[in-house]
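Visitor: In case you want the letters, here they are:
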Amino acid sequence: SAVISQKPSRDICQRGTSLTIQCQVDSQVTMMFWYRQQPGQSLTLIATANQGSEATYESGFVIDKFPISRPNLTFSTLTVSNLSPEDSSIYLCSVGKGQPTNYGYTFGSGTRLTVV
Amino acid sequence: QKEVEQNSGPLSVPEGAIASLNCTYSDRGSQSFFWYRQYSGKSPELIMFIYSNGDKEDGRFTAQLNKASQYVSLLIRDSQPSDSATYLCAVYGNSKLTFGKGITLSVRP
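Protein chains in written order, with the working numbering: chain E, -18 to 97; chain C, 270 to 378.
These are computed hints drawn from the structure, not numbers from a lab. Just to be clear, a hint being listed does not mean it is correct.
[What the hints assert, rightly or not] Simulated restraints on C-beta separations:
(1) E/G33 / C/R377: 48 to 56 Å
(2) C/A286 / E/S(-14): 21 to 29 Å
(3) C/G310 / E/V(-16): 18 to 26 Å
(4) C/N322 / E/G(-3): 47 to 55 Å
(5) C/P350 / E/T60: 21 to 29 Å
(6) C/Y340 / E/G(-3): 44 to 52 Å
Treat the numbers as computed from the prediction; the structure is a model and nothing was measured. Note that beta-carbon positions come from the ideal geometry of N, C-alpha and C, so glycine has one too.
If we strip away everything but chain E, and leave its shape as in the complex, we get:
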């Protein structure tokens, strides 16, 4: 399976600022996703990062708040903008090589964000 490097691993940010999270994969992957895991909760898909086009956002998530870039098949960034305490969460990058039937999806180690 792919090896994912996600940075930063944690950060404490001030209200109103932004945080950009990076996801680097050791091989080319078809699918890259960004998830959020709020304390004690399961994973919620934020968006699918599409290479060469705009990300596909899930209901309740918008590009202005969560801009995503994916310049190539091994790298993506998620920015969480205009931070508020409600954004305190763990953000996870996930990747898959084509249909998950054969491979499943692999997760990065996550970014723990605390907004103060």
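Start from chain E and add chain C according to the hints.
Guide: Just chain C now, with coordinates in the frame of chain E:
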């Protein structure tokens, strides 16, 4: 709204017992089904996936799928304290993976 439901926990079993974790899903078009394990403070790791009706075994783990009943389960045989974690059921459909809320398993020594 496509949903993935896991029975409420936490679940506690004695060491050596069989732990049974259950999951139902609402979208009949779902294609494949996954079980992830998540230790506290860590990211989810894939344990098993299944896409055909029936059982699939991998070591102490058995995944069971019944598409007619929209039901998937995970059995852990000879449970060990190291199996204590949160187990997440995930369903693939419409090009994305949707997760259940997870169930926390505690294996008592």
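Visitor: All hints are to be evaluated individually against the structure, with a verdict given for each.
Guide: Tested hints:
| no. | hint | verdict |
| --- | --- | --- |
| 1 | E/G33 / C/R377: 48 to 56 Å | 52 Å, holds |
| 2 | C/A286 / E/S(-14): 21 to 29 Å | 38 Å, violated |
| 3 | C/G310 / E/V(-16): 18 to 26 Å | 20 Å, holds |
| 4 | C/N322 / E/G(-3): 47 to 55 Å | 52 Å, holds |
| 5 | C/P350 / E/T60: 21 to 29 Å | 40 Å, violated |
| 6 | C/Y340 / E/G(-3): 44 to 52 Å | 46 Å, holds |
In summary, the structure is inconsistent with hints 2, 5 from the numbered list given earlier, while agreeing with the others.
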